[in-house]
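Given the coordinates of chain A, work out where chain B should sit on it, guided by the hints.
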Amino acid sequence: MTDALPPVEDPMHAVVGTGTPPVIAPGYTFGSVTDKISAIVLTRKTPLLWYAGFGTAFLLTLLLLVSLTYLSVKGIGIWGNNVPIGWAFDITNFVWWIGIGHAGTLISAILLLLKQTWRTSINRFAEAMTLFAVACAGIFPLFHTGRPWLAYWLLPYPNTMNVWPQFRSPLIWDVFAVSTYATVSLLFWFIGLIPDLATLRDRSQSRVGRVIYGMLAMGWRGSAHHWHRYETAYLLLAGLATPLVVSVHTVVSFDFAISILPGWHTTIFPPYFVAGAIYSGFAMVLTLAIPIRGVYHLEDFITMRHLQNMAKVMLVTGLIVAYGYMTEAFIAWYSADKYEGFVPLNRLTGPYAMAYSSLLFCNVVVPQALWLKRVRTSVAALFVIALIVNVGMWLERFVIIVTSLHRDFLPSSWGMYSATFWDWSTFIGTIGLFLALLFLFVRFLPMISIFEMRTILPQAKVDEELS
Amino acid sequence: LKSTIHGLLAEFEDPTSLVAATARAHEEGYRRMDAYSPFPIEELQLLRARIERQRADSLLKD
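Going line by line, the protein sequences match chains A and B. Per this note's numbering, the very first residue in the first sequence carries number 108; after that it's consecutive. Per this note's numbering, the very first residue in the second sequence carries number -5; after that it's consecutive.
This is chain A alone, in the form it adopts within the complex (with noise of 0.2 Å):
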């Protein structure tokens, strides 16, 4: 078929003399994309890597299972929160998730909405990861009340109680902001997957799988009409997306800023977490797509067009966290207020001046190699950065909820905090979690959108003069 058409040219697959690599490798047909994508589902052979990983993942749910189980029994004072450190570990690692989350509603939201074609192979799999991230942050909040089983208190219901959350409390307005973006990023996921699982459905060897995809697929057949509502709903979809892309983690940043102490009251703590997040999730992206792309054989669809866009993403918004660590410490200096200034002070000379000294070196100078080219194609290198960068960034919201906590106002109700054993089981354990719900994700969905990847092949274009 491609005989009859000339070559399309299109900037965004150019290839020759610009030294930009193509986000899918040449020479693909809309039926090797498909069988290449489907076929790790429903025909390949689980790679025994996939049953190792999946076992490892599987354990540390299982830790995650006991140590909140646990947990609900004994009450939260298994955990090393005190006082005056009332958060900790809980908070720190539920913003880390959260913000993790903020790359995948980046990638399939606003660079949708921006006709980013390099968004495509990654967006699914980012997307899920979104969603995974939400799940391991939600359980943090939940079972730092105390008593997960009356978590529905938050809500806003009418009850015979008469108690009503507190509207005031950003804890309140964080219960919003995250079952929203939870809810529509479920959504988004979704209604991406159903042109995909309707191929699954019609491919499938088994009739398991057929009757399973078939009614995810909910009759999908691929008219005119389909694509009409689909694109709408996609969309439309995406235009809610992207607020929450801002809003989600601007309203986590109000749980510090809103208060009174010193370190989080702060007028910088929304652009600069929301920078945070998506600093944060592309190194996960990074960190997740390296390994999927060697192990699968996906070279051609996650290109190094696509690692090193996503390099540079980080480069931008690690600078801009980089320029909201220095704008913290000047506004403390500058407001002459002898509390605010004691908190950087504090923070590079206290007892948890090596958090702080390894966050900095982290997310503000190991991420600095990305200016060289080298660096940003070589897959090691990367791969290297974006773990460095995951722990600089669990580091950073360590040292903003600990140290700002740790000494406040009265040197009287100074205290210190260390993690115990159930802080980190609690911890490690939600990692396994991701990973394990990663896992069953890439074994039994198309991580890549087979049909978006259909749609950035040449032979997709319609040649407007023969038609």
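The set of hints was computed from the structure by calculation and includes no laboratory data. Among the hints, a few may not be true.
Far from chain A, by Cβ distances over 12 Å, these chain B residues were calculated [what the hints assert, rightly or not]: (1) 2; (2) 48; (3) 51; (4) 52.
Pairs of lysine to any residue, SDA-like flavour, derived with a Cα cap of 20 Å [said to hold, decoys possible]: (5) 152(A) <-> 552(A); (6) 143(A) <-> 32(B); (7) 222(A) <-> 33(B); (8) 568(A) <-> 6(B); (9) 152(A) <-> 33(B); (10) 143(A) <-> 33(B); (11) 568(A) <-> 31(B); (12) 568(A) <-> 15(B); (13) 568(A) <-> 8(B); (14) 152(A) <-> 32(B); (15) 568(A) <-> 40(B); (16) 568(A) <-> 36(B); (17) 568(A) <-> 23(B); (18) 419(A) <-> 485(A); (19) 143(A) <-> 404(A); (20) 222(A) <-> 37(B); (21) 568(A) <-> 43(B); (22) 568(A) <-> 32(B); (23) 568(A) <-> 37(B); (24) 445(A) <-> 434(A); (25) 568(A) <-> 14(B); (26) 55(B) <-> 23(B); (27) 568(A) <-> 55(B); (28) 143(A) <-> 564(A).
Note that the structure is predicted; figures quoted are calculated from it, not measured. Even for Gly, the Cβ is constructed at its ideal location relative to N, Cα and C.
Positioned in the frame of chain A, the structure of chain B alone reads:
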């Protein structure tokens, strides 16, 4: 058994001929039709929108 044609089905190799055939079929006066594709085709949607607009215009004239 009376032989009647209930419909016609055609398969196309590429999106360009699908769009061309749809436009042509509409010109020939066919109205009850649908097009199936493994991915969204923008031109098909534009064609659909144009046909719907024409139909709305003709309804207004009547």
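Against the structure, the hints:
no.	hint	result
1	2	holds (16 Å)
2	48	holds (16 Å)
3	51	holds (20 Å)
4	52	holds (21 Å)
5	152(A) <-> 552(A)	holds (15 Å)
6	143(A) <-> 32(B)	holds (16 Å)
7	222(A) <-> 33(B)	holds (16 Å)
8	568(A) <-> 6(B)	holds (14 Å)
9	152(A) <-> 33(B)	violated (28 Å)
10	143(A) <-> 33(B)	holds (17 Å)
11	568(A) <-> 31(B)	holds (13 Å)
12	568(A) <-> 15(B)	holds (16 Å)
13	568(A) <-> 8(B)	holds (9 Å)
14	152(A) <-> 32(B)	violated (26 Å)
15	568(A) <-> 40(B)	holds (14 Å)
16	568(A) <-> 36(B)	holds (9 Å)
17	568(A) <-> 23(B)	violated (27 Å)
18	419(A) <-> 485(A)	holds (13 Å)
19	143(A) <-> 404(A)	holds (10 Å)
20	222(A) <-> 37(B)	holds (17 Å)
21	568(A) <-> 43(B)	holds (19 Å)
22	568(A) <-> 32(B)	holds (13 Å)
23	568(A) <-> 37(B)	holds (9 Å)
24	445(A) <-> 434(A)	holds (17 Å)
25	568(A) <-> 14(B)	holds (13 Å)
26	55(B) <-> 23(B)	holds (19 Å)
27	568(A) <-> 55(B)	violated (36 Å)
28	143(A) <-> 564(A)	holds (14 Å)
This entry does not satisfy hints 9, 14, 17, 27, going by the numbered hints stated previously.
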